[in-house]
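J.: These are the residues of each chain, in order.
2 protein chains.
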Amino acid sequence: MSTIDRNIIVLNRPQMGENIGAVARAMANFSLTQLRIVNPRDGWPNQSAIKTASGAFDFIKPTEIFDSLNDALADIHYSFATTARNRDMNKLEFTPQSAVAKAQSFNKDEKVAFVFGQERTGLENDEIASCHALLTIPTHPHFSSLNLGQSVLVLAYALSEFTVDTPENINQDLASLQEFNGMFERLQNSLDDYNFFKEPNLRPKTLRNIKNMLLRADLSPQEVKTMHGIISALTKGESS
Amino acid sequence: MSTIDRNIIVLNRPQMGENIGAVARAMANFSLTQLRIVNPRDGWPNQSAIKTASGAFDFIKPTEIFDSLNDALADIHYSFATTARNRDMNKLEFTPQSAVAKAQSFNKDEKVAFVFGQERTGLENDEIASCHALLTIPTHPHFSSLNLGQSVLVLAYALSEFTVDTPENINQDLASLQEFNGMFERLQNSLDDYNFFKEPNLRPKTLRNIKNMLLRADLSPQEVKTMHGIISALTKGESS
Numbered sequence: 001m002s003t004i005d006r007n008i009i010v011l012n013r014p015q016m017g018e019n020i021g022a023v024a025r026a027m028a029n030f031s032l033t034q035l036r037i038v039n040p041r042d043g044w045p046n047q048s049a050i051k052t053a054s055g056a057f058d059f060i061k062p063t064e065i066f067d068s069l070n071d072a073l074a075d076i077h078y079s080f081a082t083t084a085r086n087r088d089m090n091k092l093e094f095t096p097q098s099a100v101a102k103a104q105s106f107n108k109d110e111k112v113a114f115v116f117g118q119e120r121t122g123l124e125n126d127e128i129a130s131c132h133a134l135l136t137i138p139t140h141p142h143f144s145s146l147n148l149g150q151s152v153l154v155l156a157y158a159l160s161e162f163t164v165d166t167p168e169n170i171n172q173d174l175a176s177l178q179e180f181n182g183m184f185e186r187l188q189n190s191l192d193d194y195n196f197f198k199e200p201n202l203r204p205k206t207l208r209n210i211k212n213m214l215l216r217a218d219l220s221p222q223e224v225k226t227m228h229g230i231i232s233a234l235t236k237g238e239s240s
Numbered sequence: 001m002s003t004i005d006r007n008i009i010v011l012n013r014p015q016m017g018e019n020i021g022a023v024a025r026a027m028a029n030f031s032l033t034q035l036r037i038v039n040p041r042d043g044w045p046n047q048s049a050i051k052t053a054s055g056a057f058d059f060i061k062p063t064e065i066f067d068s069l070n071d072a073l074a075d076i077h078y079s080f081a082t083t084a085r086n087r088d089m090n091k092l093e094f095t096p097q098s099a100v101a102k103a104q105s106f107n108k109d110e111k112v113a114f115v116f117g118q119e120r121t122g123l124e125n126d127e128i129a130s131c132h133a134l135l136t137i138p139t140h141p142h143f144s145s146l147n148l149g150q151s152v153l154v155l156a157y158a159l160s161e162f163t164v165d166t167p168e169n170i171n172q173d174l175a176s177l178q179e180f181n182g183m184f185e186r187l188q189n190s191l192d193d194y195n196f197f198k199e200p201n202l203r204p205k206t207l208r209n210i211k212n213m214l215l216r217a218d219l220s221p222q223e224v225k226t227m228h229g230i231i232s233a234l235t236k237g238e239s240s
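Chains as they are written, first to last, in my numbering: chain P, 1 to 240; chain U, 1 to 240.
Chain P on its own, in the form it takes in the complex (with noise of 0.2 Å):
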């Protein structure tokens, strides 16, 4: 896989097929290839991208469309969720820059997935929640304003600074997010098992700080086997 195939756009529920087209010219532009899709409102193919498209997607892998972002990210090693400013999250923050940089640090065959929410809205909370880490390209604070295309083009133009290899890292494995999930969903099945969600109405936002925290540590597939580890020996076994 070489670093351009490794870098994965990843589209949540867009709306209008002109934006999918014009995220496509942008990846093509820079020779971005990996594109997916979760829940297209109108569908897939959709020939209003195809059209904005203008060619773009002869120079793209086939689209794959997925019925949720978590399955879209099953594979991912490292993923973006992308925001506008200030959202109240305990994540690291990205620049596009930074963003590239950090994906430069990983193994070269470690997927890495930039996440759009829709036009209109962005990313949910939980949306946000499922990804590793915010990127936030840094606009003006009061025009801030870049639709979907612009965004990706920054996004992929950033992207293109890094074509040249870099030397191999020292980083460890990332775990993929199913390996990470598959940990996480044990963990909170246990803690609803044992009470420890006193306020029913504060579980979701208590397991999302939770998810953000564990993310942030970067986990590797073996540092995944030892929270299971820790999960089972201080639950006795009592939890699966």
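Worth flagging that the hints you see were computed from the coordinates, not collected in a lab.
Backbone N, C-alpha and C define an ideal beta-carbon position, used for all residues, glycine too.
Please note: incorrect hints may appear among the correct ones.
As the list claims (entries may be wrong) - Beta-carbon label-pair distances, calculated as ranges:
1) P/Q15 / U/R41: 31 to 37 Å
2) P/P45 / U/K61: 43 to 49 Å
3) P/E124 / U/R41: 40 to 46 Å
As the list claims (entries may be wrong) - Per the computed footprint, the stretches of chain U lying under chain P, defined by three or more beta-carbons under 8 Å from a beta-carbon of chain P, are:
4) 27-33
5) 55-61
6) 150-159
7) 187-196
8) 201-211
9) 214-220
10) 227-234
Said to hold, decoys possible - Capping the alpha-carbon separation at 20 Å, the derived lysine to any residue pairs in SDA-like fashion look like this:
11) U/K111 / U/A74
12) U/K236 / P/E199
13) U/K236 / P/F196
14) P/K198 / U/T226
15) P/K225 / U/R216
16) U/K236 / P/R186
17) U/K205 / P/T226
18) P/K236 / U/G229
19) U/K111 / U/S79
20) P/K225 / U/A217
21) U/K225 / P/F184
22) P/K198 / U/K225
23) P/K198 / U/H228
24) P/K236 / U/E199
25) U/K225 / U/D173
26) U/K211 / P/P221
27) U/K198 / P/G229
28) P/K225 / U/L202
29) P/K225 / U/F197
30) P/K225 / U/K205
31) P/K236 / U/S190
32) U/K91 / U/I128
Starting from the structure of chain P, add chain U where the hints point.
T.: Chain U only, in chain P's frame:
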């Protein structure tokens, strides 16, 4: 003069007001303030430029209009002629990234122009010859079309990379090591109580690995409390 104000976008004989408006938007998005236009086809001011700009002209200084490219460049210290690939010119060729680095190397009161040709044909050879160097956005060789607004967007973003503060910041307080270690010791005692360490000789190394993993998450004081709560819940309060 700030480092932003000394960067000047020059549009040479632009045709469509819509494109001028898109340029203004891209500039405002990334806090560029100086726009010069040489012989706009439809005169100035231009209503469709203003309409497309969606208020962007409020964020940039009054647009300056010139009769010739040479006039527009008269007080400029260094100028980049943006072109598509492979102009056969004996000039230095820059990418946005290297052009911005070059611009940063000048004194702060030296003005730098980024010159964009008309939509259809770009800059003519004589116009390119009036500039110091070439600037080419490195796009896919077979899918390279960027319109005027997109080209300025990429350049404006590249210029903004040098004004962003820190590459990544975490929006939370860090727990002190005393807080962290209190939690970690408790986890360690619980793991001992619940026979987590099957092989005693591996215990020190495993504990180090778990500590590394948790330290990597940059826990806040609140998150340390959450960890206490998780340990309490899973051990049903049996471990201290």
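J.: A separate judgement is required for each hint: does it hold in the structure or not?
T.: Against the structure, the hints:
1. P/Q15 / U/R41: 31 to 37 Å: 35 Å, holds
2. P/P45 / U/K61: 43 to 49 Å: The hinted range 43 to 49 Å holds for P/P45 and U/K61, with Cβ atoms some 45 Å apart.
3. P/E124 / U/R41: 40 to 46 Å: At 45 Å between Cβs, range holds.
4. 27-33: holds (count 4)
5. 55-61: holds (count 3)
6. 150-159: Holds: 5 residues of the segment 150-159 of chain U have a Cβ under 8 Å from chain P.
7. 187-196: With 6 residues close enough to chain P, the hint holds.
8. 201-211: Answer holds; 3 residues pass the 8 Å Cβ test.
9. 214-220: n = 6 at 8 Å, threshold three: holds.
10. 227-234: holds (count 5)
11. U/K111 / U/A74: With a Cα-Cα distance of about 10 Å, the restraint between U/K111 and U/A74 holds, given a limit of 20 Å.
12. U/K236 / P/E199: 17 Å, holds
13. U/K236 / P/F196: 9 Å, holds
14. P/K198 / U/T226: 13 Å, holds
15. P/K225 / U/R216: Answer holds: P/K225 to U/R216 is near 17 Å, not above 20 Å.
16. U/K236 / P/R186: Holds, at about 17 Å.
17. U/K205 / P/T226: The hint holds at about 12 Å.
18. P/K236 / U/G229: Holds, at roughly 17 Å.
19. U/K111 / U/S79: 9 Å, holds
20. P/K225 / U/A217: Holds. P/K225 to U/A217 sits at ~17 Å (cutoff 20 Å).
21. U/K225 / P/F184: Answer holds: U/K225 to P/F184 is near 18 Å, not above 20 Å.
22. P/K198 / U/K225: 15 Å, holds
23. P/K198 / U/H228: 14 Å, holds
24. P/K236 / U/E199: Status holds; Cα separation ~17 Å.
25. U/K225 / U/D173: Holds: U/K225 and U/D173 sit about 13 Å apart, inside 20 Å.
26. U/K211 / P/P221: Measuring from Cα to Cα gives roughly 16 Å; hence the hint holds.
27. U/K198 / P/G229: 11 Å, holds
28. P/K225 / U/L202: Holds: P/K225 and U/L202 sit about 15 Å apart, inside 20 Å.
29. P/K225 / U/F197: 14 Å, holds
30. P/K225 / U/K205: Given pair P/K225, U/K205 holds - Cα atoms ~15 Å apart, limit 20 Å.
31. P/K236 / U/S190: Satisfied, since the Cα-Cα distance of roughly 11 Å is no more than 20 Å.
32. U/K91 / U/I128: Given pair U/K91, U/I128 holds - Cα atoms ~9 Å apart, limit 20 Å.
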